[in-house]
Structures are given as structure tokens and as C-alpha cells.
Amino acid sequence: MLEQHEIALSVKNLNVYYGGFHALDNISLEIPARQITAIIGPSGCGKSTFLRCFNRMNDLVPTARVEGTALFYGQNIYDPKINPVEVRRHIGMVFQKPNPFPKSIYENVAYGARINGYKGDMDELVERSLRAAALWDEVKDNLKKSALALSGGQQQRLCIARAIAVEPQVILMDEPASALDPIATLKIEELMQELKKFYTIVIVTHNMQQAARVSDYTAMMMLSKEGSRAGTVIEFGPTSQIFTKPKDKRTEDYVTGRFG
Amino acid sequence: MQESKLVTDVVFLRARADHDRREGIIRAVLLLFSIVSVFTTLGIIAVLLQETILFFQEVSIVEFFTDTVWTPLFASKKFGVLPLVNGTLLVAAGAMLIALPLGLLAAIYLSEYASDRARKILKPMLEILAGVPTVVYGYFALTFITPLLQKIWSETQAFNALSASIVMGFMILPLVASLSEDAMSAVPQSLRQAAYALGATRLEVTLRTVLPAALSGISAAFILAVSRAIGETMIVAIAAGQQPKLTLNPLQSIETMTAYIVQVSLGDTPQQSIAYKTIFAVGMLLFTMTLTMNLISNWLTRRYREVYE
Ligand SMILES: Nc1ncnc2c1ncn2[C@@H]1O[C@H](COP(=O)(O)OP(=O)(O)O)[C@@H](O)[C@H]1O
Ligand SMILES: [Mg+2]
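From first to last, the protein sequence lines stand for chains D and W.
Each residue of the first sequence is one higher than the one before, starting from 1 at the first, in the numbering used here.
Each residue of the second sequence is one higher than the one before, starting from 1 at the first, in the numbering used here.
Just chain W, same shape as in the assembly (with noise of 0.2 Å):
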């Protein structure tokens, strides 16, 4: 009787002791894999700002930020970054025209007014939307959105801002409506039953209490969300065009910093040359200004999950 416990308990040891290792050899290889993809990054931080600072050493940083023409790849060449700004700004806020208002509003349709069996099959369905691959974006942009708006103004040009813009718009739409929705689901039921109880309308619930409350996690969407479009590099290549503008008429063909590092990058400029050596410095101000926005609606987040946690 003794005897047979014993051995028992020795087998379970050892099943324990098996089991143990196992998680060990588990935890070190997922350890592994963080500590690469960690190294990867901070590789490409040290890649991107070595080379930024050799640039710097060949062009005026004063020259980059203040000059207002940007002709790396001709004979005289100029290094104004501000048209390249300009052109993804340009888009940027286009697209934010759209995919703001339209994703809040889709955002409190669904966290406020949907039925539950409606909220089931459309938020998958948003979601979806979001993984449409953004080359069928552009392509859209390019041979659908702008033929159309050549009808409507006839100057519009074959490359230009407005068509990416739109199509960007609803790219991103979805990114923010499903990020809202979840800023405003956050929101305690407790808190939407003390307005009912006062005597608020849905609507004035939704207003005043949901939407307040929810204020950080929508503005980290936002934030987000611009992020994004600064970032967007597929829609702006085919569709908005490589002519580096000082410009706010979105009819025209513009080029942002996205689509002029495509450009060189799959062009056959010398990879020694300080024409090369721009798509660091422009890389550079892009991640800068996405890190950002990304650390703003990081925060942001963290800052709402506090209030009700």
C-alpha cells in the first residue's frame, strides 16, 4: 500500500519535471523570438539614422527643412523636403475628411444603436474591408475614382491627390470605426443606465455620456488613423504621382515622401549617390512623425483603459 504511493508520487514527479522543462525549452524560444524582432527594429532605427547622418553631412539640415523644391534626382539639385510634406500631408487630410467623420459615425451606430445581431455581421465585415490588400486600392483609385472625377472637373490630372485621398479614406474608415467601437463599448453600461435614468434620449446618452467618456480612445484612434495615412505607401504610388508640389489643389498630381522613396528605391539611381542617400533622410522624418502619432494614441489608450480599470 505504501510502497505503491510512493512510486505514484515519484511519477508525477516526474511528469512534473518533464513538463517543467517543456516550458522552459517553450518560453526560450518565444524569448528568442522577441529578442530577434526587437534587433530588427532597433537594426533598422540604426541603419535609417546612420545614414540620415551622412546625408546631413553632404546637405544643410537648414536647406532640407526650409528650401521649397525638391529635385534630388536632376542636374541642379535642391533638397527642400517641405513639397514632399506638403504632398503627403495633402492626401493625409483628405483621407481624413472621410474616414474620420464617416468611421465615429460608423463607430456609434454600431456601439449604440445596432442590435446585436447586426453588430455580429458587420463588424467581421469592416474588418474584412480592412484586409483588402491597398494595391486594389490604388488600382481602384487610378482607373476607377479618377476617370470619375475628370468628369465632374476636367482638370483633374491623370496622378492627383484627391483620387488617393478618397480611396485612402475608406481604407483607413474601417481602422477607425472598429477602434472607436471598442473605445465606446469600453464604456460601462452602469454609466449609460444613470443617463437613461435621468431622462436622456439615446441620442443625448450617446453625446454626452458615451462619447466623453470615450474621448481618449477615439482621439487614439484619430491619431492612429493619420498615422496611417502618413504611412500609406501603395495607394499614393500608383495613384497620386511623382511631381514633388508645393500645392494645396488636390486635382493635381503631387508626390508624397512614401511614393518618392518607391520611386527611387526601384529606379536606377547609384546606390553611393546623394540622390540615393535622400530616401534615408526622408525614411527618417516618416518614422519620426508616425512614432509620434503612434506613442500619442499609445498613450492615449492607457490613459482611458486607467479611468474605468
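With the rest of the complex left out, here is chain D (with noise of 0.2 Å):
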């Protein structure tokens, strides 16, 4: 199905658990290399745990224990010897709510070079990741000033451009553009295309036009069974066939909004 790209990451009987509470149950998955695949499906049914899994995010939530493989181009993610530290610095993330610091615009992009250690010309890089994030004219003159004091559209590409500034392979993106009116929406989508050029781009979304509309492959996610409420993956494929010839009944459901 998706032997014409090169595989970014890919899962393999993956579960998590928070406590004593299966999450999502046994998902394996390949997603694209410089594609966009959407994350969609009912809420709590793990969509937000399921992209956290690719950057080790759930490593902050004490209870948070994974199970299974989660490769990143053949490399374990999970293998002890890896530091997650390291894999946050290839794998970026954009939340749900714009989460700038309260630093300049200049110093919210920086912010990631500067930890890392980053030896080149640090003006060149803030103004290439903002011209990346569709953001720098619109700041240009304004570098110095707080970043809180942008509109929440613009806050939100300025948390793409700096998940840019790191030089990351894959960004993940979960509901990026939920806090966000219509016009916003639509430039980040936009934005999204520019971006799938040299990135690899999963996106969590509830909006299942915006799936439709930006997304090269989906993934449908369901709570696994009757009765349970750990989730998992029931149909994944080219969204042009997720949205027109679904083969689960529960995605066709889901997609035509019979359903969640």
C-alpha cells in the first residue's frame, strides 16, 4: 500500500497503558516519509496518547507505560541505549493550544537551537524558520517584542517555527488548528503543504473535512472492542479511500457523521 515512500516511522503491536488502564491496544503502522497522514476519530480514544508515543512525550506522564516497537527509519525509539531527549530533537511537536514562551518572538524560535547547541548564524536561522512558518513578514519588525502579544493563528505558526528551528525530521501536530477561527485554519493548512516538502507531517484532528482537505493517508482510530476503552487503529490507507470506500463499517460511519 505504501510501498512508493520511504517509511518515517512505524509501529508495531504498540499499547499503552496509563496505571492500570490499557489505552490503545496492539496498533502497528507505517506512516510516510514527506507525507501528511491524519490521526483521526472519536475523542478519548487515544489520538493524542498514540502521537505522543513517536516523541517519547509520554515518558512525562508517571503512569504512562508503552509496549512494542515504535521505529524511527529502522531505529528503536524505545531501545533503552536512546536517549529521548535526543529523539525530541528529530521528531517536533505543535500542541493543541499555542504554547509560546513568554520570551520574544526571536527567543521563542532560538529557544531550541540554543539548547542544542546550535554553532551557525542564529539571526539566519529564526529567519528561515519564520519564513518556513509563513510568519515572517507578518513579525519582521517586531522580533523583540513578546510573543504573547500575537493573535492565537499567529502564535501557533510562531510553535511551528520553532519546532522548525530544531531541524527536525517529522513534526506532529495535535488538533494545531482546534483554538484557531476559520481564517487561521486555513493558513496553517496551507502552511501544512508547504511543509510536507521536507517534512513528515502526523496531524491529530477531530475536523474530518480538514483530514479531507490536507491529509495524504489517514488512520481511523475506534475504542478496540465493545466494552472496552483502550483504542486502536481500525483502518488505515490513502485518504481518498478512507473518505470514499472505507472497508470498516465503523469508519464509513464515522466519516459520513453516522457516528462520534
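Not one of these hints is a red herring.
The following residues of chain W were derived to be distant from chain D, with all beta-carbon distances above 10 Å: (1) Val11; (2) Thr41; (3) Leu129; (4) Gln252.
Derived, one-sided and incomplete: chain D residues facing chain W with beta-carbon distance under 7 Å: (5) Val85; (6) Arg88; (7) Arg89; (8) Met93; (9) Asn99; (10) Pro102; (11) Gly112; (12) Ile115; (13) Val166.
Rather than coming from a laboratory, the hints here were simulated on the basis of the structure.
Every residue gets a Cβ at the ideal spot worked out from N, C-alpha and C, and that includes glycine.
With the hints as a guide, dock the two chains, each given alone in a separate frame, to form the complex.
Printed below as a string of C-alpha cells:
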């Protein structure tokens, strides 16, 4: 199904537990490089949990336990020898609510580069990252201004610029537009089309039109069985196929709005 | 049917009126208490101010702030407050050298490193430490710390600034730790997540994200701590001595503003004498210093609340 693309991320028999609660049930999936993969599904089915497996953000939840393998270009992200900090430098993340630091626009973008000991020209990196996030023209005269003074949509693009500045290969986005108005949302979606030339993008969205508009591949998540609260991927494939001729009846019900 | 409904309505109305009246009384009582406490404070300030003005009609304000000798209780009276201010600041500075770094480290540990369990055990312990009566600290300084210091530096005097500084530092440490921890915990989790997602280590998240974001709250805690150190009375009255002296040597006996006020209040100085009136001038100066710091601290605290709410 994905032969034509290089695989950036792949998970196999992935299970996640929060304490005794089984949150993700045996997911196996391959995510193609430099494509946009959408994760859709009803709320609470584990989309964010799944996304956080890729950059080991679940490590920060003391009760969370991840089993199975997750490979990044063939290398196991959960290998005990791998430093999670290193993983996050290659796999960036943009969150549901814009969360810029209470610092200047410039310092926000430079943050990741500074902690990673970036040796190059910082001004150039900041400009390049802001341009890549389609924010440069709006802020180029106010780089010293507080990031908190920007609008929500600008803040979210700043967060994307901040992620890009670390020069990752993958950008994970957890409902990046859910707190934004339609125009700001459209800007983010256009931006994603630009970014996918260089980055592998995985986006969680509860908005099916958005998934249909922006993504190349779609993973449909649901609670795995009646009565269980563990989520799993019930169907994965090219977005056009998921939306026009889904194989699973539950996917069809969901994408046509009869469910969830 | 109709009848009975009307009756219940009336009952409800009466209950409501009763309720309102009770609320009204509670409100009035509480208001009365607030007014009493506000007026008590204002009254104290008024007395302090009046006595201070009377004092400065007899003693030059220039002498008060520039003379370097403080001997109001002796035959040859000098009214230079600087030795008392010096004593106060010397002890406070020493206490801050202990309380600020250790308090901040404790706060960093509690807020960023401790497990929920450890935090739940340690924070109440800190607060208990803050509840130990200061007289206990004072005697601890005099009977335990000073002999220890004398073993290290034989020239240490029986009453000295250092022993008071050390125990005061540990007395104030919980305040610094607790308030700084509050400020750091108030930094939204989303900022920590943002930093981690950019590949920051826990130390980098703490130093580059949490501390800067909590800076005004931490500064507020620091200033409040200084204010507490300056106003602290019991420890210095017991352990630091009664010799107003312009010195930076912490092993010597000194006298702080608070200890001086205690000395005169408890002594046999006649109430109408100018010597007695000095305590109002010193008290006013002390009050102005701590009030200023509390106001700055308050302002800083409000500022960091504004950023995140
Ligand atoms: N930190 C956590 N601790 C315990 N349970 C959690 C935690 N985060 C999420 N969960 C639970 O895991 C399930 C999946 O949550 P989440 O991944 O946020 O779903 P989604 O993003 O699809 O709405 C939910 O039942 C949620 O309550
Ligand atoms: Mg979610």
C-alpha cells in the first residue's frame, strides 16, 4: 500500500497503559516520509496518546507505560540506549493550544537551537524558520516583541517555526487548529502543504473535513471492542480511500457523520 | 390543590427572608471585624507617626541618619541610627545567604524533581518548620550555634551576628521555598511540554523555562524574606547582642533595630524621656523599610499572576 514511499515511522504491536488503564490496544502502522498522515477518531479514543508515542512525550506521564516497538527510520525509539531528549530533537511537536514561551518572538524561535548548542548564524536560522512557518512578513519588524502579544493563529505559526528551528525530520501536530478561527486554520493548512516537501507530518484532528483536505493518508481510530476503553487503529490507508470507500463499516459511519 | 401550592410558596419565601437576614448579620459582623483591624493598623501608624514627629522636634533628622554613634541610653547621648541599621542589615544579609539559595534549591526540587509522593510529604514538613516559635531558634543560636562558632573561630563573642544569621536563615528558608515553589508550580504545564518537545532536558526546562517564567514570583518571595529578616526580633534579641556597632565582622556582638526596641521597652527607661522616644523613630524606620519591601513583593506577585490568567 505504501510501497511508493519511504517509511519514516513505524509502530508494531504498540500498547499503552496509564497505570492499570489500557489506553492503546496493539497498534501496528507505517507512516510514510514527507507525506501528511492524519489521525482521526472520536474524542477519548487515544489519538493524542498515540501521537505522543512518537516523540516519547508519554515518558513525562509518570503512570504511562509503552509496550511494543516504534521505529524511526528503522531505529527503535524505545531502545533503552536511546535518550528520549535526542528523539525529540528529531521529532518535533505542535500542541493543541498555542504555547509560546513568555519571551520575545526571536527567543521563542531560538530556544531549541540554543539548548542544542547551535553553532550557525542564529539570526539567519530565526528568519529561515519564521519564513518557513509563513510568519516572517508579519513579525519581521517586531522580533523583540513578546510572543504573547501575537494573535492565536500567529502564536500557533510561531510554535511551528519554533519546532522547525530545531531542524527535525518529523513534525507531530495535535489538533493544531482547534483553537483557531477559520482564516487562521486555513493558513495553517496551507502551511502544512509547504512543509510536507521537507518534513513528515502527523496530524491529529477531530475535524474530518480538515483531514480530507490536508492529508495524504488517514488512520481511523476507535475504541477497540464493545465495552473496552482501549483505542486502536481500525483502518489505515490513502485518505481518498478512507473517505470514499472505507473497508470498515465503523469508518464509513464515522466519516459520513453517522457516528461519534 | 391551588391552595396548597400557595402555602408552600409562602413558606419558601419566609425561609428565603430568614436566610437573607442571617446572611446580612454575618456580613455585618465580618465587616465590623475588618474595620476594627484596619483601624487598629491605622491607629498604630498614627501613634508611631506622632511620636516620631515629637522625637524629631528634639533630635535633628540629619544627625539621626548621618551620625555613626548610637548612645541614647547613656549620659552623652548620640542619635546616629546607622549602627542599628548596620546590625540589622548584617544579620539579614547573612540570613539571606542561607535562605535564598537553599530555599530556591528546595523549591526547584519540590516543583520540578520530586515525585508527587515526596512532595506531599515534604511540603507539610517545611510548613511545620515555619511554625517553630522564633524564641526556640533564638536559644538554639545562643546555646548551640555560638559555642560551635567559638570552636571554629575563638574570637567569636558570646553574642554575635553570625549565629543569629544562621538560625534566621534556616527559619526563613521554608518561607522562601514555599513561596518560590508556588510561583514555579503556577507556570503552566504547557510551557514545560513545549520545552521538552524541543529536546530540552529536565535541567534545561527548569533553568531556561520555568525559572524565567516564575521570576517575578520568586523575586517577590525573596523580597518578602528580606523583609521578614529585617523585622525578625526574638532571635536577634536573644543571640546577637546589645552593642550598636558599625561593623561588618559577624563574629562580634551588634544590635539590630528590633533588638534595640525590645531592650528599651523591657528596660527601665522613663517613658517621657527622649531616650524612650527613640524607639518610635526606630520603629517608624523599620516599619517604612518592611512596608516598602512588602509592597514591592506584592506588586511583583500580582504581575506574575497577570501573565498567566
Ligand atoms: N495522563 C493521563 N493519565 C491517565 N489517563 C490518561 C492520560 N492522558 C489520557 N488518558 C486517557 O487515555 C484515553 C485517551 O486519551 P487521549 O489520548 O487524550 O484521547 P484523544 O486525544 O483521542 O481525545 C482517555 O480515556 C484519557 O482519559
Ligand atoms: Mg487529544
